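Q: As a plain string of letters, each chain reads:
There are 2 protein chains.
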Amino acid sequence: MNEENKGRLTLPTDVDMVEETIRLKELLQADAFRDCDGTQMPKELLNQNVKIYATYYTTRNDNAWAMKNPEEIQQEYLISDPITARSNTLSIKLMQGFHTEQLKVNTIDSPKRWWEVIDRTTGKVLPSEQWEYDAASGEVTLQSIPYHVYTVSFLAFLIWDPVHMYNSITNDWKSSPHQLTYDVRQPKTQKYVKEKLKKWCEENPHVDVVRFTTFFHQFTLTFDKQKREKYVEWFGYSASVSPYILEQFEKWAGYTFRPEFIVDQGYHNSTFRVPSKEFLDFIEFQQIEVSKLAKELVDIVHSYNKEAMMFLGDHWIGTEPFGKYFANIGLDAVVGSVGDGVTLRMISDIQGVTYTEGRLLPYFFPDVFKEGGDPIGEAKDNWIKARRAILRSPLDRIGYGGYLKLAKEWPGFIEEIQKVVDEFRQIHENTQGTKAYTAPFKVGILNCWGNLRRWMANQVHHALWYREIYSYVGVIECLSGMPLDVEFITFEEIKKGISPEMKVIINVGDAYTSWSGGDNWKDEKVVCAIRQFVDNGGGFIGVGEPSACQYEGQFFQLRDVLGVDREMGFSISTDKYNEMDKNHFILEDIVGEINFGEGKSRIYAYGENYQILNMDGKYSRLVVNEYGKGRSVYFSGLPYSPQNCRILLRAIYYAAHEEKEMKKFYVSNVDTEVSAYEKTGRIAVINNCNAPRQTELYIHGERKEYLSMCPMEMRWLSF
Amino acid sequence: MNEENKGRLTLPTDVDMVEETIRLKELLQADAFRDCDGTQMPKELLNQNVKIYATYYTTRNDNAWAMKNPEEIQQEYLISDPITARSNTLSIKLMQGFHTEQLKVNTIDSPKRWWEVIDRTTGKVLPSEQWEYDAASGEVTLQSIPYHVYTVSFLAFLIWDPVHMYNSITNDWKSSPHQLTYDVRQPKTQKYVKEKLKKWCEENPHVDVVRFTTFFHQFTLTFDKQKREKYVEWFGYSASVSPYILEQFEKWAGYTFRPEFIVDQGYHNSTFRVPSKEFLDFIEFQQIEVSKLAKELVDIVHSYNKEAMMFLGDHWIGTEPFGKYFANIGLDAVVGSVGDGVTLRMISDIQGVTYTEGRLLPYFFPDVFKEGGDPIGEAKDNWIKARRAILRSPLDRIGYGGYLKLAKEWPGFIEEIQKVVDEFRQIHENTQGTKAYTAPFKVGILNCWGNLRRWMANQVHHALWYREIYSYVGVIECLSGMPLDVEFITFEEIKKGISPEMKVIINVGDAYTSWSGGDNWKDEKVVCAIRQFVDNGGGFIGVGEPSACQYEGQFFQLRDVLGVDREMGFSISTDKYNEMDKNHFILEDIVGEINFGEGKSRIYAYGENYQILNMDGKYSRLVVNEYGKGRSVYFSGLPYSPQNCRILLRAIYYAAHEEKEMKKFYVSNVDTEVSAYEKTGRIAVINNCNAPRQTELYIHGERKEYLSMCPMEMRWLSF
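Top line first, the protein sequences correspond to chains A and B. For reference, each letter of the first sequence is one residue, going 1 to 719 in the working numbering. For reference, each letter of the second sequence is one residue, going 1 to 719 in the working numbering.
A portion of the hints provided could be inaccurate.
Pairs involving identical chains hold if they fit within one copy or between any two copies, as the list cannot separate such chains.
Subject to a maximum C-alpha distance of 16 Å in a straight line, what follows is the list of computed EDC-like cross-link-like pairs (lysine to aspartate or glutamate) [claimed, not checked]:
#1 K618 with E468
#2 K25 with D14
#3 K664 with D519
#4 K43 with D14
#5 K194 with D299
#6 K442 with E423
#7 K124 with E524
#8 K576 with D81
#9 K576 with D224
#10 K629 with E659
#11 K104 with D224
#12 K196 with D575
#13 K225 with D575
#14 K522 with D119
#15 K419 with E552
#16 K664 with D31
#17 K51 with D332
#18 K408 with E289
#19 K576 with E468
#20 K25 with E44
#21 K124 with E195
#22 K576 with E229
#23 K408 with D109
#24 K525 with E492
What the hints contain is simulated information worked out from the structure, not anything from laboratory work. Here the structure is a predicted model, which means the values were calculated and not measured.
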């Protein structure tokens with residue numbers, strides 16, 4: 001066995017798995033063990049010459065403290081169901097639809113100060129003398145106008161930690177008591193938690209890595225009466241509030257806080273909403289405060305010669321790794337769950353830590369390791385997507401989570417992850433920490449969030465498939481494994497000037513979402529900046545409803561650049577004579593039908609410089625356009641698939657006017673990809689498909705090899 | 001032959017068809033002859049004891065007059081292509097994209113007074129000193145901001161009548177000179193046209209019916225460089241303008257006219273646009289003036305003991321039959337083209353005339369009567385749709401148009417129309433002018449246009465199929481043959497109060513169009529009126545994007561009433577647990593799949609009182625909801641089909657709480673329908689399908705007959 005072919009791997013364990021853990025450690029050459037929510041580190045494993053990770057909960061797992069300090073339990077802004085009045089008074093039951101074991105109305109802090117009753121028919125806030133809360137009935141009674149709709153925004157305590165609740169439900173934990181939360185930002189708890197961490201470090205000398213899960217504020221996750229998920233927003237700030245924090249925010253921001261800044265008409269500032277100035281202020285404030293306090297905990301860990309690792313998830317609100325303040329925390333490492341290429345890049349692209357670790361799927365939980373489940377298939381799919389992203393931006397380590405017992409007992413599963421671990425180590429061996437070749441220009445994803453949500457664009461919940469987004473996330477997923485430097489940029493940045501290194505700007509999403517941009521497209525500075533950029537030779541790629549915002553006779557505000565607009569009903573009377581011509585550089589490799597997913601319909605070509613490459617009846621799905629010296633490409637949708645990766649790659653090189661550069665390192669078969677490491681002289685060809693493939697390898701524009709690839713194969717060659 | 005079985009039929013003729021016309025007159029028992037655009041009435045037919053119709057053009061067919069009075073040629077407001085500036089000056093070629101044989105820039109009236117240059121990036125009008133028009137180059141040169149988009153709104157003369165141009169192109173008339181237009185509203189032409197009409201009446205004593213085609217203003221119809229249709233709007237007012245008229249309008253309205261009132265960002269006030277106050281004012285003004293002047297021409301015709309008939313089409317702008325001033329014209333008759341049930345009701349529902357006549361399809365033109373054409377199939381389809389509407393609201397007469405020669409020479413075609421004519425006469429014979437049974441409540445179609453566009457809702461061009469609308473027009477088409485009194489009502493009327501006779505309100509269309517209603521749904525009076533109506537027992541039916549307008553956390557503003565909303569991306573984080581239950585009154589007769597057409601996607605059920613009857617994946621397509629004492633039904637789309645007629649019929653009876661009334665007169669097979677005439681004791685069962693059908697007939701709730709129907713059969717029974 002090669003010297004390199006060991007380490008870089010973390011295994012979960014449990015008290016009943018001592019023997020097995022040692023056997024698997026040897027088999028897989030693991031160099032770290034970890035515990036999980038629901039498992040414990042057996043003492044017998046502490047002398048195994050591996051690093052020991054300990055999951056550390058800063059905000060839960062101490063019900064005694066929480067019960068003693070009920071006013072410092074974490075809080076969340078909730079909005080009641082919108083209720084239609086039928087007379088001049090209306091009573092709204094606040095907890096209707098929520099699970100009362102998870103959330104409890106906060107009656108400690110003054111409702112009149114912190115709540116808001118809104119007439120949603122007019123958008124007006126009710127004066128506080130027009131409503132009363134009755135704690136006994138749990139109802140707000142208000143003076144209503146008949147047939148107007150009202151909501152109550154209110155504060156509730158998180159009396160069951162959402163992740164503990166999720167894990168309890170998923171694993172059917174009957175006996176474990178509900179873990180209450182406490183808010184580390186508040187003075188008593190803050191002091192207590194710091195002391196407790198010190199004490200814990202002292203009592204756990206064998207622990208090498210404190211794995212914070214995570215710091216202080218849980219992403220938004222609420223459950224309904226039937227304990228089903230009611231609302232989930234992986235980026236949500238709704239549960240990061242308390243009067244204590246909000247009063248500080250008011251001082252910092254210089255204006256009065258309103259609950260509406262958080263409940264946002266009931267959309268809870270989903271990342272799909274164009275963020276309000278006030279919400280962006282709140283994010284900024286929270287990130288400043290959370291990073292400061294997190295640093296204090298990390299410093300404590302360091303003072304005991306332990307490493308501090310952060311889990312990217314759970315209570316990660318305020319610590320977003322691509323935020324401005326993250327590096328100040330001083331963490332040694334970040335670990336996160338890898339659902340696909342995009343979520344891998346979320347971790348591997350993080351700056352300001354010594355190393356990154358990816359927890360591969362599947363998690364060893366009984367929701368997958370059950371009759372009818374397919375953990376091996378999941379592991380394969382996951383690895384195909386992760387591998388191509390690792391080749392572009394490597395993680396330093398990988399690992400698994402959950403109950404080792406489940407994995408061990410599933411026939412063939414350990415063999416499957418053995419292959420994964422082996423390929424992962426091959427990548428490090430061949431690349432020696434050098435970067436893969438990337439095209440000599442940058443690509444920018446333009447949306448309202450920019451780098452703060454790097455590799456997080458167009459997503460709802462971490463790596464979950466949603467019908468509404470897969471045709472857009474596909475673009476980001478394709479990019480996660482491409483030989484391209486990708487930046488995520490905001491409209492504010494665009495207005496300040498576009499970097500000369502940037503050759504292609506991409507805008508992807510549904511109209512009026514933060515991803516498309518909404519009213520930003522009415523901003524003359526935005527449209528002029530992009531028109532000038534393209535006119536002077538830049539490339540623009542739009543997917544779905546790019547630059548969409550109904551205004552002054554256009555729906556796509558960059559209709560002139562894109563060569564397409566969307567028929568919204570107002571211009572049906574205008575005849576369109578769209579005809580298809582498939583003959584184009586972008587489609588040269590493409591044989592089969594193109595999958596546009598749930599792409600937008602009613603797209604028509606516009607102007608005189610377009611070429612339509614794909615149509616749906618009389619409407620278009622793929623259109624290129626010349627604009628001055630520049631070019632644009634429009635896709636109605638682009639779900640992830642190996643073929644769509646290729647189409648997008650070609651579209652980017654075309655838009656950048658860099659067609660000649662494309663075959664510097666290239667493989668002919670669309671199911672295969674190539675990564676070249678010029679410093680080590682090594683090249684990897686991967687087959688992204690679970691079937692054999694033939695492919696030609698081009699180096700510096702010339703055909704060098706004809707390769708027969710096994711299913712899922714990764715082959716290394718020298719050049 | 002029954003005495004009734006004659007008459008009520010108009011045939012076209014031509015100079016080369018004397019013998020044939022006489023033969024067909026006898027065969028079909030026609031009682032009127034007509035000429036057409038491109039044909040002439042032969043003298044030999046004037047003694048055939050039939051009424052003679054003469055097509056009369058008030059605005060064309062007199063190039064000598066037009067050329068002598070170029071300033072009184074008709075005008076149209078056009079908008080240039082939107083052009084993006086790349087520097088500080090920009091030149092826009094006005095006629096780019098238009099056909100210069102049809103339209104010519106008006107340089108007689110001051111451009112600075114009547115034109116408008118708009119920066120479409122900011123929406124601001126350019127001061128007139130910042131642009132100049134150069135007649136030689138045909139360009140407006142303006143001071144621009146780089147990368148802003150500009151348009152020029154300008155006046156052009158209609159130097160080729162659009163319908164004459166259309167007919168010339170369609171029939172490949174090479175030799176006939178382009179017919180110029182002239183504007184009868186202007187003083188010199190008005191005087192001339194009146195005198196000419198008198199003279200014409202004197203010179204044509206044999207003419208019984210003057211068929212005006214039509215009065216003064218052509219609907220909007222422009223052609224592009226290649227003589228292809230560029231823009232068509234059957235309801236368009238863009239070609240009804242001139243400085244002479246606009247100065248009168250300014251006095252009447254009390255405010256300054258702006259070209260933008262007409263060009264409307266380039267959408268030219270398509271009926272799909274929520275009409276501006278100014279455009280509604282302009283319509284009102286034009287209808288007042290046109291009806292006054294039309295009356296003068298009708299009076300002249302009457303003074304010669306001739307009848308005045310109006311063709312519903314061509315130059316019909318200002319004479320819309322459901323407008324407030326139409327009856328004042330004093331016409332004897334209206335004739336119009338019947339494309340389907342909806343367009344039939346457009347004619348047969350007209351009040352204020354003595355009789356109505358429908359020109360059935362196909363028109364005897366070479367675009368249908370050609371190799372590969374199917375005139376018999378078109379005649380059958382047309383009749384199936386027309387017949388069910390005639391049974392509800394009969395026309396007095398039918399007729400055909402075009403070249404009789406083409407019809408005569410097509411094998412089997414005359415036999416087909418013989419059947420049609422025979423069935424048409426049977427209807428009159430059996431109904432004796434009495435009205436068919438209708439349900440004991442009214443149904444209202446709610447949109448921005450109301451009764452002014454009765455049976456014209458959701459349509460682009462007269463009876464033409466468009467992919468964007470067929471899923472909505474289907475609702476109106478279904479209604480055109482149903483046993484229901486249908487009203488078309490506006491939001492303004494809703495706010496004033498809903499008639500107690502009205503039991504169901506229907507709102508159909510795409511978000512932000514005039515048919516759905518756009519910002520009207522932010523009006524608290526509108527939503528409260530409908531909520532109260534339904535709460536008190538009314539029914540509401542929404543199709544597509546009813547009550548849609550993103551505002552205060554809702555997309556469908558009547559989400560509470562409808563029990564559905566549409567996912568626009570902002571609430572993907574909110575879990576939806578929608579489950580289907582098909583067991584419902586509405587679907588009792590329905591066996592096969594339901595066709596929702598190009599219905600809206602991403603519809604989810606909302607609230608606690610819904611039942612989902614049809615789903616598309618996790619989203620819904622057909623949902624019912626209970627709201628107080630009332631009910632609602634939501635369809636994602638409803639194209640016309642016999643099955644969808646039945647589903648809609650049941651939905652309406654359900655929404656109205658009138659399920660028990662439904663089987664007063666009823667047939668079981670969805671491809672069949674029944675009409676009952678209580679005063680004559682006759683009942684018609686029709687088979688709307690070109691195949692045999694078995695159906696059970698219910699009268700007063702009881703099964704009375706089991707009928708075996710031939711393809712397309714109409715059977716009359718007594719009860």
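Q: Hints first: check each against the structure and report whether it holds.
A: A quick look at each hint next to the structure:
| no. | hint | verdict |
| --- | --- | --- |
| 1 | K618 with E468 | between (24 Å within a copy, 11 Å between copies) |
| 2 | K25 with D14 | within (14 Å within a copy, 98 Å between copies) |
| 3 | K664 with D519 | neither (40 Å within a copy, 54 Å between copies) |
| 4 | K43 with D14 | within (10 Å within a copy, 107 Å between copies) |
| 5 | K194 with D299 | within (10 Å within a copy, 98 Å between copies) |
| 6 | K442 with E423 | neither (29 Å within a copy, 72 Å between copies) |
| 7 | K124 with E524 | between (31 Å within a copy, 12 Å between copies) |
| 8 | K576 with D81 | between (45 Å within a copy, 14 Å between copies) |
| 9 | K576 with D224 | between (49 Å within a copy, 11 Å between copies) |
| 10 | K629 with E659 | within (15 Å within a copy, 66 Å between copies) |
| 11 | K104 with D224 | within (13 Å within a copy, 67 Å between copies) |
| 12 | K196 with D575 | neither (72 Å within a copy, 37 Å between copies) |
| 13 | K225 with D575 | between (53 Å within a copy, 13 Å between copies) |
| 14 | K522 with D119 | between (29 Å within a copy, 12 Å between copies) |
| 15 | K419 with E552 | neither (57 Å within a copy, 52 Å between copies) |
| 16 | K664 with D31 | neither (38 Å within a copy, 82 Å between copies) |
| 17 | K51 with D332 | within (14 Å within a copy, 98 Å between copies) |
| 18 | K408 with E289 | neither (43 Å within a copy, 88 Å between copies) |
| 19 | K576 with E468 | between (28 Å within a copy, 13 Å between copies) |
| 20 | K25 with E44 | within (14 Å within a copy, 108 Å between copies) |
| 21 | K124 with E195 | neither (46 Å within a copy, 64 Å between copies) |
| 22 | K576 with E229 | between (46 Å within a copy, 9 Å between copies) |
| 23 | K408 with D109 | neither (50 Å within a copy, 89 Å between copies) |
| 24 | K525 with E492 | within (9 Å within a copy, 39 Å between copies) |
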